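Engineer: Build the full structure now, drawing on both the sequences and the hints.
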Amino acid sequence: MQDDDIHVDLPSQLATENYGDQFSDSSYQIASIELARITGNTTREIYTRPKSKDSFLQREQKLLIELKEWVKSLPEHLRLHPGKLNSKHTVLMHLQFSYCVTLGLRPVLLHLIKRSYAHRMEDMRDETAPVLETLSEACIHAARYSLKLCIEEWTSGSLAIFGYAFPAFIFSSSLVLVASNLLTAGDQSDAASVETAAEMLQILSTSHNLAAKDFHEHLQSVREHLRRYQSDIKNASGDSNTGFALQKRAGSIPPPAHERTLLSSPNLPFEDNPTDGLPPGGYSIHDFTTEMVLESALMQEFLTQSTSEVESLNPSGMSDAFDAAFFWPYDSGLLDS
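Just so you know, we're using the UniProt record's numbering here: the sequence shown kicks off at 1 and counts up by one.
No lab work stands behind these hints: they were computed from the structure. Hints should not be assumed to be uniformly reliable.
Unchecked claim - Quick list of in silico lysine-lysine cross-link-like pairs, DSBU-like style, CA-CA up to 30 angstroms:
{"#": "1", "residue 1": "K114", "residue 2": "K51"}
{"#": "2", "residue 1": "K88", "residue 2": "K72"}
{"#": "3", "residue 1": "K68", "residue 2": "K148"}
{"#": "4", "residue 1": "K114", "residue 2": "K53"}
Said to hold, decoys possible - Label-pair ranges, simulated between beta-carbon atoms:
{"#": "5", "residue 1": "Q220", "residue 2": "Q300", "range": "34 to 40 angstroms"}
{"#": "6", "residue 1": "P82", "residue 2": "A160", "range": "20 to 26 angstroms"}
{"#": "7", "residue 1": "T206", "residue 2": "E76", "range": "36 to 42 angstroms"}
{"#": "8", "residue 1": "H77", "residue 2": "A160", "range": "21 to 27 angstroms"}
{"#": "9", "residue 1": "I65", "residue 2": "D25", "range": "24 to 30 angstroms"}
{"#": "10", "residue 1": "H208", "residue 2": "K72", "range": "37 to 43 angstroms"}
The model shown is predicted, which means the values in this text are computed figures rather than measured ones. Cβ coordinates follow ideal geometry from the N, Cα and C atoms, glycine included.
Structural biologist: Pasting the structure below:
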């Protein structure tokens with residue numbers, strides 16, 4: 001549904017301390033409506049067949065800026081507070097937020113995997129643009145945090161058995177983490193998280209959740225194809241490392257926890273840069289929220305660049321044509337039955 005099709009105003013924001021006994025808090029409805037609008041923009045701008053007048057990275061920048069502004073606009077009682085009890089509808093809204101981030105950035109991850117595959121086949125070194133690495137790492141971290149929230153909701157018994165949203169969030173996050181295993185930005189703990197996600201989908205499927213059944217079958221199929229693909233690569237090259245390298249850069253998304261134990265003081269933030277807004281070095285990679293991902297130094301640099309600067313960064317190998325950008329080549333071995 002387009003904004004032009006809606007002819008009513010947003011709910012009024014009344015002072016809850018004065019009208020709490022008569023009206024429910026409208027801030028949640030307003031925030032949810034705005035997030036739904038951004039999600040609609042994502043599917044229309046990123047996953048559309050008609051050619052856009054803006055480059056791919058320009059559309060990505062616009063989407064991420066909208067999401068960052070949405071987070072900033074949230075009142076305190078609608079923000080997630082780690083370590084504290086958050087209401088179910090607040091967690092659900094932040095899961096939708098993480099889903100929107102991964103939905104928008106997922107094509108970057110696919111592009112890097114396709115590019116790395118092509119360079120591996122040609123035995124060439126792959127020099128990936130820093131902006132693409134930043135966006136792909138943001139996608140991976142958003143998926144990790146989203147799946148972490150889903151697992152917490154599952155263990156607390158708050159996950160809706162027959163709903164569609166949670167299976168969709170579980171599947172979307174798992175798909176990103178499975179794909180990230182083809183890049184060295186992936187982490188060993190991701191495999192355990194995906195296994196837990198598959199178990200959750202299977203249990204929901206046996207409880208007659210039709211969406212979970214469909215998502216579980218798709219996830220298992222993707223995992224099997226990727227296992228077969230990695231096995232073929234390993235046998236052909238004799239190299240046990242089938243991931244494709246992403247370079248580490250200062251100010252990027254933090255590396256896995258075992259690589260950050262070298263920091264001299266546990267009270268210093270990542271890269272000793274207090275402006276990053278990231279947790280201390282001793283935190284697990286799963287403690288980095290999606291909101292924190294949007295605050296990293298290189299992400300901030302990308303979001304504050306002018307339209308012309310962003311257009312110049314658009315990768316030449318990344319087509320704006322829908323079919324070329326999002327369909328995997330059939331000769332890659334990943335789609336073999």
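Engineer: Does each hint hold? Answer for all of them.
Structural biologist: Each hint, compared with the structure:
1. K114 with K51: holds (21 angstroms)
2. K88 with K72: holds (20 angstroms)
3. K68 with K148: holds (21 angstroms)
4. K114 with K53: holds (25 angstroms)
5. Q220 with Q300: 34 to 40 angstroms: Once the Cβ atoms are compared, 38 angstroms apart, the range 34 to 40 angstroms for Q300 and Q220 holds.
6. P82 with A160: 20 to 26 angstroms: Between P82 and A160, where Cβ atoms are some 22 angstroms apart, the hint holds.
7. T206 with E76: 36 to 42 angstroms: holds (40 angstroms)
8. H77 with A160: 21 to 27 angstroms: Taking Cβ atoms as reference, H77 and A160 lie about 22 angstroms apart, which means the hint holds.
9. I65 with D25: 24 to 30 angstroms: Distance hint for I65, D25 holds at roughly 27 angstroms.
10. H208 with K72: 37 to 43 angstroms: Check passed, 41 angstroms falls within 37 to 43 angstroms.
When each numbered hint is compared with the structure, no violation occurs for any of them.
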